[in-house]
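Trainee: One-letter residues, chain by chain:
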Amino acid sequence: MKWKKSLAILLSGGLAASIFLAGCGSSKSDGNEGKSGGKVIKIATQTPLSGGSATIGEAIKLGAQMKLDEEKQKFKDLGFDLQLVPYDDQSDPKKGVANAQLIGADKAILAVVGHFNSGVAIPSSEVYEKYAIPMVSPANSAVEVTTRGLKTVNRIVARDDFQGPAGAEFAVNTLKAKKIFIIQDKTAYGTGLAEAFKKAAESKGAEILGFEGITVGEKDFNGVLNQVASKKPDLVYFGGIYAEGGLIIKQAREKGIKVPILGGDGMDASTLVEIAGEAVKDTYITSLAGDSSKSEEGKKFIESYKAKFNKNTESYSVYGYDTMGVVLKGIEDAIKANNNKMPTRAQVRDAVRGVKDYQGVLTKVSFDENGDNNYAKVFIYSFKEAKYPAELVGEVSK
Amino acid sequence: MLTEMIQNIPQVLIDGLTLGAVYAVIAIGYTMVYGILELINFAHGEIFMTGAFIGTAMLIVLTGIGWVSSVPTIIMLIVVLLFTAILTGLLGMGIERVAYRPLRNMPRLIPLITAIGVSFLLQDIVRFIAELKKGNYIVTGPSLFNSQLSIKASSISSIFTDATIKQSFVIVLIAAVLMMIGLDFFVNRTKWGMAMRAVAQDRDTAALMTINVNKVISITFFVGSALGGATGVLFAVQYGTIDPYIGFILGLKAFTAAVLGGIGNIRGAMFGGLLLGLLEMFASANLTLLSHGVFGAEYKDVFAFIILILVLLFKPEGLFGKPVTEKV
Chain L
1 MKWKKSLAIL LSGGLAASIF LAGCGSSKSD GNEGKSGGKV IKIATQTPLS
51 GGSATIGEAI KLGAQMKLDE EKQKFKDLGF DLQLVPYDDQ SDPKKGVANA
101 QLIGADKAIL AVVGHFNSGV AIPSSEVYEK YAIPMVSPAN SAVEVTTRGL
151 KTVNRIVARD DFQGPAGAEF AVNTLKAKKI FIIQDKTAYG TGLAEAFKKA
201 AESKGAEILG FEGITVGEKD FNGVLNQVAS KKPDLVYFGG IYAEGGLIIK
251 QAREKGIKVP ILGGDGMDAS TLVEIAGEAV KDTYITSLAG DSSKSEEGKK
301 FIESYKAKFN KNTESYSVYG YDTMGVVLKG IEDAIKANNN KMPTRAQVRD
351 AVRGVKDYQG VLTKVSFDEN GDNNYAKVFI YSFKEAKYPA ELVGEVSK
Chain X
1 MLTEMIQNIP QVLIDGLTLG AVYAVIAIGY TMVYGILELI NFAHGEIFMT
51 GAFIGTAMLI VLTGIGWVSS VPTIIMLIVV LLFTAILTGL LGMGIERVAY
101 RPLRNMPRLI PLITAIGVSF LLQDIVRFIA ELKKGNYIVT GPSLFNSQLS
151 IKASSISSIF TDATIKQSFV IVLIAAVLMM IGLDFFVNRT KWGMAMRAVA
201 QDRDTAALMT INVNKVISIT FFVGSALGGA TGVLFAVQYG TIDPYIGFIL
251 GLKAFTAAVL GGIGNIRGAM FGGLLLGLLE MFASANLTLL SHGVFGAEYK
301 DVFAFIILIL VLLFKPEGLF GKPVTEKV
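Chain order of the listed sequences is L and X. Sequential numbering from 1 applies to the first sequence in UniProt numbering. Sequential numbering from 1 applies to the second sequence in UniProt numbering.
Derived by calculation from the structure, the hints in this document are not laboratory data. Glycine residues also receive a C-beta, built at the ideal position from the N, C-alpha and C atoms. Mixed in with the good hints there might be a few duds.
When the alpha-carbon atoms are kept at most 30 Å apart in a straight line, the in silico DSS-like pairs for lysine-lysine are as follows [to be verified]:
(1) X:134 x L:186
(2) L:151 x L:329
(3) L:311 x X:133
(4) L:198 x L:384
(5) L:39 x L:329
(6) L:281 x X:134
(7) X:134 x L:94
(8) L:107 x L:74
(9) L:72 x L:336
(10) L:336 x L:151
(11) L:281 x X:133
(12) X:133 x L:95
(13) L:231 x L:199
(14) X:322 x X:215
(15) L:306 x X:133
(16) L:130 x L:336
(17) L:311 x X:134
(18) L:364 x L:329
(19) L:384 x L:232
(20) X:134 x L:300
(21) X:134 x L:299
(22) L:94 x X:133
(23) L:387 x X:134
(24) X:134 x L:308
(25) L:336 x L:356
(26) X:133 x L:308
(27) X:134 x L:95
(28) L:306 x X:134
(29) L:384 x X:134
(30) L:39 x L:151
(31) L:199 x L:179
(32) L:42 x L:336
(33) X:133 x L:387
If you want the footprint, here are the derived chain X segments under chain L, 3+ residues with CB under 8 Å [unchecked claim]:
(34) 132-140
(35) 294-302
Here's a subset of chain L near chain X, in silico, CB distances under 8 Å, partners left out [to be verified]:
(36) 52
(37) 54
(38) 55
(39) 186
(40) 211
Please construct the entire structure, taking both the sequences and the accompanying hints into account.
Mentor: So, in structure tokens, the structure goes:
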């Protein structure tokens, strides 16, 4: 009995002591923070870091991280400590919304860089709107992302309803395609893109020989390609993602279909070249991401990215970088407008929307009343040899 | 319309046979296990997928070693096929030992759920390893972009002379046919094959006749899984790119093929697989023509499965199956 009693005393004593110590510890750190004035501003990224689109999601995150690291000192001088919080949305709307709730609950997060998938961005942005957290998207092209009248949602890329027509213009006017065969992957993205392309191509006078669907996840597309081979089009358009796109290109070339193949930005990834190999030649893609290797600044970006992460840039790396730039510009404006004090989320939201003529590495950014970028462009690339990135052969402005 | 369909037929036959051969060999794995245990081994599709990954990894490593390039590619492929078959065979045996044997006398639903669990487990283990090694779980084998590899090099000539046949198609078909003939011989002409058939017919009586039932079941799993794994390698050679989820759709279709041919019947599974592959390819090439553009190629699975339903309506035991007699 006595033993037990003394043990209990000892334990409770220990507990009290640890609480006391812990209390001391936390108050101490609070004091430290107060002294340096380093209030924490967190910026979240939400991109697919696992799953099929992980290559691109990782690139966006790293691009954003790089810009954040560069600006850290500037914000420290203003009295704020910048932090990046990466979230993995797994290209899954459910996961994206769950993460958005977490982001909303973390009061230090003032802005979000993301998403990659429009299907994830749309439901997640409803949550951001509730918490007034501004979101700037580096990659979402679905029209509905910005047309729902949300104050928080912005994007720096062009919209799908522009990408399809731009592709059609290139196909009909530059590649002189008269007869076009369209394949799409039955997803919201692929079908939407293919349909926008079809409408624009028809109005430009091209004949559509077929509009066929494939199933995502399959590996054998010979059936559809047999149809293509027998119809003999001058161009094949594919609305879909690189995993299927690469196999379609490869199997088409094996069947002796030598005509150009045109696709959307979903095929803009190094994995496309890895899958299709040599067959990728004579493939064209319309992409919302520009070629950063052309300009002086872009070259510098690619070099320092490589030096920092020991990885080659993907097309969306630079967009992650510029998106973070816009976000930080907005936050900086909000801080200044608030007499160098911590701005509220609503202030940051309005400041981000109010960003005018921000010059990023690749694109200039000015948001219109919907949050679309006035300077967005669609870029057209051509794979002249089996290497990534492809060569820029044209741009179509809004 | 008819002329267009006839023009297509040689190509449809070739592509359909390739896909059908893959379905057929996987279907054998389902049918063998079902025949002997009345268990639908849903993990079999994942064993196929694991085989594809093991084979691709070996091909990548082997092509990386200098002296291997002097060895004819076909020999390298045979070696890879054999090694993969042994490894996946052992994997199948291990799965049976760990996940199915302790549950053998339980109600049939329980091993079925375990099988689904094992299949998820394999998917994610392979995905984890692939991501760890390559940073991306979509893996592309070397024969694709490295034209120095002789699988590709030997196929160049046939691609140039006749653009529609790939050399790997011939390899896949020959290997699949050899495997099927070998299995048929094994089951019908050898002692172990006889033991297998005996256990399938009546496990308890077979045990009374001094047949080691556990061993026979292990061997069944070994053979079925080895064939599945080797098919995975063939698949990777034919299509180039693999991911950890290929086993699901293919496994489902191979299972369908096994049912179509009459589950439990090995020759039926072979026939069912080939038939399903041909039907699918025929549908995706000609459905638009047949329906005047109402249904596109995306309805190929619907077409194939409608045929399946029709067959089962009129012959529920499958094309080659015998009507089930109650075991006493």
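Trainee: Each of the hints needs a verdict: does it hold here or not?
Mentor: So, going through the hints one by one against the coordinates:
1. Using a Cα cut-off of 30 Å, the hinted pair residue 134 of chain X and residue 186 of chain L holds, with the two alpha carbons roughly 29 Å apart.
2. Only pairs whose Cα atoms come within 30 Å are accepted, and residue 151 of chain L paired with residue 329 of chain L is accepted, the gap being roughly 17 Å.
3. Between residue 311 of chain L and residue 133 of chain X the alpha-carbon distance is near 15 Å, which keeps this suggested pair within the 30 Å criterion.
4. With a C-alpha separation of about 25 Å, the suggested pairing of residue 198 of chain L with residue 384 of chain L holds against the 30 Å cut-off.
5. Under the criterion of a C-alpha separation no larger than 30 Å, the hint pairing residue 39 of chain L with residue 329 of chain L is consistent with the structure, at around 18 Å.
6. For the hint pairing residue 281 of chain L with residue 134 of chain X, the CA-to-CA distance comes to about 24 Å; that is within 30 Å, so the pair holds.
7. Pair hint residue 134 of chain X plus residue 94 of chain L holds up; C-alpha atoms about 27 Å apart against a cutoff of 30 Å.
8. Distance check on the hinted pair: residue 107 of chain L and residue 74 of chain L sit about 22 Å apart at the alpha-carbon level, within 30 Å; holds.
9. Between residue 72 of chain L and residue 336 of chain L the CA atoms are separated by roughly 16 Å; this keeps the pair inside 30 Å, and the hint holds.
10. A hinted pair counts as satisfied when its Cα atoms are at most 30 Å apart, and residue 336 of chain L with residue 151 of chain L qualifies at roughly 21 Å.
11. Proposed proximity of residue 281 of chain L and residue 133 of chain X is supported: the alpha carbons are some 28 Å apart, at most 30 Å.
12. Between residue 133 of chain X and residue 95 of chain L the CA atoms are separated by roughly 26 Å; this keeps the pair inside 30 Å, and the hint holds.
13. Of the pairs offered as hints, the one joining residue 231 of chain L and residue 199 of chain L holds, with about 20 Å between alpha carbons and a cut-off of 30 Å not exceeded.
14. Restraint check for residue 322 of chain X and residue 215 of chain X: the C-alpha separation of about 26 Å stays at or below 30 Å, so the hint holds.
15. Restraint check for residue 306 of chain L and residue 133 of chain X: the C-alpha separation of about 20 Å stays at or below 30 Å, so the hint holds.
16. Between residue 130 of chain L and residue 336 of chain L the alpha-carbon distance is near 25 Å, which keeps this suggested pair within the 30 Å criterion.
17. Of the pairs offered as hints, the one joining residue 311 of chain L and residue 134 of chain X holds, with about 13 Å between alpha carbons and a cut-off of 30 Å not exceeded.
18. Between residue 364 of chain L and residue 329 of chain L the alpha-carbon distance is near 13 Å, which keeps this suggested pair within the 30 Å criterion.
19. For the proposed pair residue 384 of chain L and residue 232 of chain L, the alpha carbon gap of about 22 Å is at most 30 Å, so the pair holds.
20. Taking the CA atoms of residue 134 of chain X and residue 300 of chain L, the gap is about 27 Å. The hint holds against a cut of 30 Å.
21. Between the alpha carbons of residue 134 of chain X and residue 299 of chain L the distance comes to roughly 26 Å, so the proposed pair stays at or under 30 Å and holds.
22. The straight-line distance between the Cα atoms of residue 94 of chain L and residue 133 of chain X is roughly 28 Å, inside the 30 Å bound, and the hint therefore holds.
23. Only pairs whose Cα atoms come within 30 Å are accepted, and residue 387 of chain L paired with residue 134 of chain X is accepted, the gap being roughly 18 Å.
24. In summary, the hint linking residue 134 of chain X to residue 308 of chain L is supported, as the alpha carbons are separated by about 20 Å, within the 30 Å threshold.
25. Proximity of residue 336 of chain L to residue 356 of chain L is assessed by CA-CA distance (about 16 Å); at most 30 Å being required, the pair is judged to hold.
26. Among the hinted pairs, residue 133 of chain X with residue 308 of chain L is consistent with the structure: their alpha-carbon atoms are about 21 Å apart, no more than 30 Å.
27. Straight-line distance between C-alpha atoms of residue 134 of chain X and residue 95 of chain L comes to about 25 Å, which keeps the hinted pair within the 30 Å bound.
28. Of the pairs offered as hints, the one joining residue 306 of chain L and residue 134 of chain X holds, with about 18 Å between alpha carbons and a cut-off of 30 Å not exceeded.
29. Restraint check for residue 384 of chain L and residue 134 of chain X: satisfied, since their Cα atoms lie roughly 26 Å apart, inside the 30 Å limit.
30. Straight-line distance between C-alpha atoms of residue 39 of chain L and residue 151 of chain L comes to about 26 Å, which keeps the hinted pair within the 30 Å bound.
31. Only pairs whose Cα atoms come within 30 Å are accepted, and residue 199 of chain L paired with residue 179 of chain L is accepted, the gap being roughly 14 Å.
32. Our distance criterion of 30 Å between C-alpha atoms is met by residue 42 of chain L and residue 336 of chain L, whose separation comes to about 18 Å.
33. For the given pair, residue 133 of chain X sits about 22 Å from residue 387 of chain L by alpha-carbon distance, which is consistent with the 30 Å threshold.
34. Remark: the stretch 132-140 of chain X is confirmed as covered by chain L, as 5 of its residues place a Cβ nearer than 8 Å to a Cβ of that chain, reaching the required three.
35. Counting residues of the stretch 294-302 of chain X whose CB lies closer than 8 Å to any CB of chain L gives 5, so the stated coverage by that chain holds, three being the minimum.
36. Interface hint at residue 52 of chain L: satisfied, since its Cβ lies 7 Å from the closest Cβ of chain X, which is below the 8 Å cut-off.
37. Using the Cβ-Cβ criterion of 8 Å, the hint placing residue 54 of chain L at the interface with chain X is satisfied: the shortest such distance is roughly 7 Å.
38. Restraint check, residue 55 of chain L versus chain X: the minimum CB separation of about 6 Å is within 8 Å; hint holds.
39. At a threshold of 8 Å, the smallest CB-CB gap from residue 186 of chain L to chain X is about 6 Å, leaving the interface hint in force.
40. Interface hint status for residue 211 of chain L: upheld, as the beta-carbon distance to the closest one in chain X is roughly 7 Å, under 8 Å.
In summary, the structure agrees with every hint in the numbered list given earlier.
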